[in-house]
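Given the structure of chain A, go ahead and fit chain B onto it with the hints provided.
There are 2 protein chains.
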Amino acid sequence: MDLSPVFSPHRVAVVGVSLSNPFHPANIIYNKNYYADGCEVFAVNPKGGELERRPVYRSIRDVPAKVDMAVIAVKAMYVGEVARECAAAGVRSMVVISGGFAEMGAEGQALQDELVRVCEVNDIALIGPNCFGVFAPPVVDTFFLPPERTVVPKKGDIAVASQSGAFLVDQIMTNFHEAGIGISVGVSMGNKAMVDEDALMRHFASREDTKSMCFYIEGLDQGVRRFIESARDVTRYKPVVVYVGGKSERGKAAAQSHTAALAGNQEMMEGALRQSGILEAKTESEVTSFCKILSFYHHRPLSKCTIAVISSSGGHGVLASDLAEEAELIVPGFSVERQDELRELIDPGIRDIAALGNPVDLTGSSADKDFERVLDYLLGHDDIEAALMLTLPYTPMMTSFVGTRLGKVVKKHDKPVVAYVPDLAKYGMVLEGFELNGIPVVHSIETGVQMLKALRMLGLYADSGKRCPR
Amino acid sequence: MDLSPVFSPHRVAVVGVSLSNPFHPANIIYNKNYYADGCEVFAVNPKGGELERRPVYRSIRDVPAKVDMAVIAVKAMYVGEVARECAAAGVRSMVVISGGFAEMGAEGQALQDELVRVCEVNDIALIGPNCFGVFAPPVVDTFFLPPERTVVPKKGDIAVASQSGAFLVDQIMTNFHEAGIGISVGVSMGNKAMVDEDALMRHFASREDTKSMCFYIEGLDQGVRRFIESARDVTRYKPVVVYVGGKSERGKAAAQSHTAALAGNQEMMEGALRQSGILEAKTESEVTSFCKILSFYHHRPLSKCTIAVISSSGGHGVLASDLAEEAELIVPGFSVERQDELRELIDPGIRDIAALGNPVDLTGSSADKDFERVLDYLLGHDDIEAALMLTLPYTPMMTSFVGTRLGKVVKKHDKPVVAYVPDLAKYGMVLEGFELNGIPVVHSIETGVQMLKALRMLGLYADSGKRCPR
Numbered sequence: 003m004d005l006s007p008v009f010s011p012h013r014v015a016v017v018g019v020s021l022s023n024p025f026h027p028a029n030i031i032y033n034k035n036y037y038a039d040g041c042e043v044f045a046v047n048p049k050g051g052e053l054e055r056r057p058v059y060r061s062i063r064d065v066p067a068k069v070d071m072a073v074i075a076v077k078a079m080y081v082g083e084v085a086r087e088c089a090a091a092g093v094r095s096m097v098v099i100s101g102g103f104a105e106m107g108a109e110g111q112a113l114q115d116e117l118v119r120v121c122e123v124n125d126i127a128l129i130g131p132n133c134f135g136v137f138a139p140p141v142v143d144t145f146f147l148p149p150e151r152t153v154v155p156k157k158g159d160i161a162v163a164s165q166s167g168a169f170l171v172d173q174i175m176t177n178f179h180e181a182g183i184g185i186s187v188g189v190s191m192g193n194k195a196m197v198d199e200d201a202l203m204r205h206f207a208s209r210e211d212t213k214s215m216c217f218y219i220e221g222l223d224q225g226v227r228r229f230i231e232s233a234r235d236v237t238r239y240k241p242v243v244v245y246v247g248g249k250s251e252r253g254k255a256a257a258q259s260h261t262a263a264l265a266g267n268q269e270m271m272e273g274a275l276r277q278s279g280i281l282e283a284k285t286e287s288e289v290t291s292f293c294k295i296l297s298f299y300h301h302r303p304l305s306k307c308t309i310a311v312i313s314s315s316g317g318h319g320v321l322a323s324d325l326a327e328e329a330e331l332i333v334p335g336f337s338v339e340r341q342d343e344l345r346e347l348i349d350p351g352i353r354d355i356a357a358l359g360n361p362v363d364l365t366g367s368s369a370d371k372d373f374e375r376v377l378d379y380l381l382g383h384d385d386i387e388a389a390l391m392l393t394l395p396y397t398p399m400m401t402s403f404v405g406t407r408l409g410k411v412v413k414k415h416d417k418p419v420v421a422y423v424p425d426l427a428k429y430g431m432v433l434e435g436f437e438l439n440g441i442p443v444v445h446s447i448e449t450g451v452q453m454l455k456a457l458r459m460l461g462l463y464a465d466s467g468k469r470c471p472r
Numbered sequence: 003m004d005l006s007p008v009f010s011p012h013r014v015a016v017v018g019v020s021l022s023n024p025f026h027p028a029n030i031i032y033n034k035n036y037y038a039d040g041c042e043v044f045a046v047n048p049k050g051g052e053l054e055r056r057p058v059y060r061s062i063r064d065v066p067a068k069v070d071m072a073v074i075a076v077k078a079m080y081v082g083e084v085a086r087e088c089a090a091a092g093v094r095s096m097v098v099i100s101g102g103f104a105e106m107g108a109e110g111q112a113l114q115d116e117l118v119r120v121c122e123v124n125d126i127a128l129i130g131p132n133c134f135g136v137f138a139p140p141v142v143d144t145f146f147l148p149p150e151r152t153v154v155p156k157k158g159d160i161a162v163a164s165q166s167g168a169f170l171v172d173q174i175m176t177n178f179h180e181a182g183i184g185i186s187v188g189v190s191m192g193n194k195a196m197v198d199e200d201a202l203m204r205h206f207a208s209r210e211d212t213k214s215m216c217f218y219i220e221g222l223d224q225g226v227r228r229f230i231e232s233a234r235d236v237t238r239y240k241p242v243v244v245y246v247g248g249k250s251e252r253g254k255a256a257a258q259s260h261t262a263a264l265a266g267n268q269e270m271m272e273g274a275l276r277q278s279g280i281l282e283a284k285t286e287s288e289v290t291s292f293c294k295i296l297s298f299y300h301h302r303p304l305s306k307c308t309i310a311v312i313s314s315s316g317g318h319g320v321l322a323s324d325l326a327e328e329a330e331l332i333v334p335g336f337s338v339e340r341q342d343e344l345r346e347l348i349d350p351g352i353r354d355i356a357a358l359g360n361p362v363d364l365t366g367s368s369a370d371k372d373f374e375r376v377l378d379y380l381l382g383h384d385d386i387e388a389a390l391m392l393t394l395p396y397t398p399m400m401t402s403f404v405g406t407r408l409g410k411v412v413k414k415h416d417k418p419v420v421a422y423v424p425d426l427a428k429y430g431m432v433l434e435g436f437e438l439n440g441i442p443v444v445h446s447i448e449t450g451v452q453m454l455k456a457l458r459m460l461g462l463y464a465d466s467g468k469r470c471p472r
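Chain order of the listed sequences is A and B.
Residues 3 to 472 in the numbering used here are what the first sequence lists, from first letter to last.
Residues 3 to 472 in the numbering used here are what the second sequence lists, from first letter to last.
The shape of chain A in the complex, shown without the other chains (with noise of 0.2 Å):
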C-alpha cells in the first residue's frame, strides 16, 4: 500500500470539529493546521454553520474540494458511516482518532472491522482508530495538542512510529527535541487496525529523507511478527530501534485497555527482535542514546568493541569502565611502552600525576591539546575502534574550542567517538563546540556508553560476520 498520502495531503478535512468546545480534539487539529498554512484544512460537523466565521460543511462530500485525507474525532458509533462518505468523496487517507474501538471490547471490535473493510475497499489508507495520527510538518499534523504546549524537533532523518500517542510525544519528540535529534516524520498508530508497524517500516525504509526508524510496540501480535520478519532485511541498510512495552503482568493488561494489545513471550520476543538486526532500547534513555548515536553515525557498527576512555577525572574513568563491562564493551588495558609514548605527548606538569593506562585519567590540570594530541594517537592505532571522552568544562584550562579540536581529529580517523559534557546550560558552547564538529554529546556517562553499546549491537548483525568477543 503506497503510503505516501498520509504523509503529503494538500487538502484536509477535520470531520468532528465542535461549535461550542474549543477544546474538542478536532477542533485543535483543525486550528493547528489552519494556522500553520502546510495544507487547505475544512472543517465539518453535519450541524453545519460556521467557526470563527469560517464555513463547517455538513459532511466531507460538500468540501468544495477535492480532500486527500480525512481526519475523524466523532463518536465510535459514527465512524463507519464517516468512513463510507469519504470514500464517496474519494479520500485517499483517513486518520481515526476517536477511541471505543477494539481496546473496549467485542462491540468496539466489532465497528474496528467494519471500519477496515470500508477502507481496505476502497483503497483508503487508515491510520488508528484511537490514536494521535500523524506528525508530518510543515505539511499536516493530526496530534490533538495544543502547538505551543508541545515542542517541534529539528528536521532530520529518523522517522519514528508508535503505538503510544503519549510515549511518541514525550519518550521520543520531547526527548528528541532536547537531545538536538532531528526527525523526519511520526505517526501515533493507535489500534493500528490496518497501517500498522510492518506498512510503516517499509515506508520508512523507502523515504529518502529517513536513515533510520524507532518504533514503540505493545506486545507481539501478528503484525509485529510481519514487521520483525520485515525488518531482518531493512536493518541491513536502515538501524530499527524498538522499545517494547507491556512485558510485565500489570504492563500487559494495561496495554490490552490501551490499544488492544496481545501479549507476547518476552523473552521470545528479545530473541527475535535480536536475530532481526533490531536495536531494541532497553529503557527511555536508550531510546534517545540509540537515536542519538543513529544521527551522526547512521550505519557504523563496531566489530571489535574495543575503546578508549579519555577523562580529566579519575572517578568518572572508574564509572565508564563499570558501564562499559555491562554493556560488553571492551576497555583494553594499556602496555607500558604505550604509556610511555602517550606520556611524552601531554604538558609536562601533568606527566607525574596523570593515569595513562585506560581509562586515562588527564586530571584535572589537562588541557584542550592534552585531549587532542591523545585521542589522535588512541584512534590511530587499530586496536581502538572508538573512544569515550569524558570531558568536564569546570576543569580550569578546558576551553570552549575543545570540540573543535577533537572534530578535527574524528574526521582524521573516521571512528565513532562520543563526548560527556554535564548537563548545564552555561556549557551549551562546549556542546556547540562538539556537535558542530560531527562529535555527539551526551549528559551521564551511562548515556554515553549506551550509544557505544548501539554500534555495538549494529556489528552483531553487520554483514561483515564479525562479531564482538564476549
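This list has only true hints and no planted wrong ones.
Identical copies carry no separate label here, and so any pair may be met within one copy or between two of them.
Think about it this way: if two alpha-carbon atoms lie no more than 27 Å apart in a straight line, the pair counts; the simulated BS3-like pairs of lysine-lysine are: (1) Lys156 - Lys428; (2) Lys428 - Lys157; (3) Lys371 - Lys428; (4) Lys77 - Lys371; (5) Lys306 - Lys213; (6) Lys371 - Lys410; (7) Lys284 - Lys157; (8) Lys413 - Lys157; (9) Lys414 - Lys306; (10) Lys413 - Lys371.
Hints listed in this document are in silico derivations from the structure and should not be mistaken for laboratory results.
No experiment lies behind these values; they were computed from the predicted model shown.
Quick look at chain B alone, frame taken from chain A:
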C-alpha cells in the same frame, strides 16, 4: 574525632599558591575564598612576595593570625614538612589537594603514612590527600574549580561525600542543582588516609542540618567495612545512599590507580550494604532519584509497596507498570466496583473512554479536577500506599494549578506521591506547582519509579519488621 573544624574554619591558609600561574589549584582555591568572604584566607609560598598586592607568607607560621584550616597544594614530597609546620602553628584541620601518594605506589604510600602520623600525633583532621576537599558554603570551599564554571546546589539537608571529586561535582552537585535538591555539606575524600566514609557518616549523623546522606565509594577496604557496620545504627534514623564504583575488572584497575582503592567482592558488598539498611543506587540516575525523594519525604518507608498509577496516557501507564514490576512495586488491579466508583468521580465526557483498572488512564481529555478526585479517592484506601502521577501538561485542559490541587490531597492523606512532568523549560509553572506543594517532580517515568523504589528499600529495613511482599 571532632570534624567540626573541617566545616567551619574562621581562618584558612592556602599553601602552595603560585606567583606566576593563576590556574594553579592553590590560586583558584585562594581566590574563590578571598572573593566569597566566608572565611579569612591567607596565601603561603616559601618564596614569599605578593599576589595582586596581597601578602604571600613564607610559612604558615608567619601568618599573623591563628589559622584553623590549612589547604595544601604542593608536591607530595613536601607535604610532610608542611604538615609539621601546620602542627606547630596549631592548625586543627588539613585538606591535602596534592596527588602522588598511595595511588602512585610504595613510595607514595610511605609519604602518605608519614603525613597521617604527623596529623594523628597533633590531632589534626586530615582530608585527602589527592582530593578536592571540603565544600561548605558560605564558609569555605576548597574545590579547585573556578566558581563560574560549576554550580552550587541550594542549601538543603543531604550531606554528601565522595572518593572521586568529579563524581561529587557532576553526578552529585550538578545533578542535584538541576533536580532542585539541596545539600548541607560536601566532602571529596580522595585517598581518605585519615577521615574516611565512616568518620564522615558519624559526623553527618550528628549534624542538625542533615537528614540524610549520600556516598560514592570505590572498593571494599577496612574503612568501608567499618562504614557499613556503623550504618546499621545510622540508617535507622537517617537514610544513607551509596553508589559503588570500580565493580568491574577494568573499573577495579582504574580505581586502584585513581585512589589506591582495594577491590572487593561485588555480591558480598551488595549484601552487606543491604543488610545495613543502606540504599544502594545502581545508576547515576538512581543517585539523584533516591536523594530527591529523601529530600521531600525524609524517612518514609513503604511496607505494602502498593501504588496507584494515574495518567492521562495509556502508554505511560503501560511503561510505569513494567517498570514498577521490575522495581518490585505492586500495581494492584482494581475491582469492578472500585472502577464504577471512580467512574462516578470523573467528568462525564471521559467516562466512556477512561481506563480505570490501575494504571488509571484518564485520557488526554481529562482535567485537573479529575486527577484530584481520583487521587483523593485512591489515597483514602488502605490498600494504596503511594501514587505515581503521570501528568502531561500538553493535554489541552491541564492547567498549572494541578500541583496545588494535588498537593492538598497529599497533605490530607500523608502518603508519598511523585509526579512525572516531561523535561521542558516551558512546563516550569506546572513543575513548581507540584514542588512548592510538597510533591517531587521527575522528568522520566523510570526515575519516578526509582523514587518509590527507594521508599520500598527503606521499608525492607524499617524497625516495624514489616517487609514488602515479593
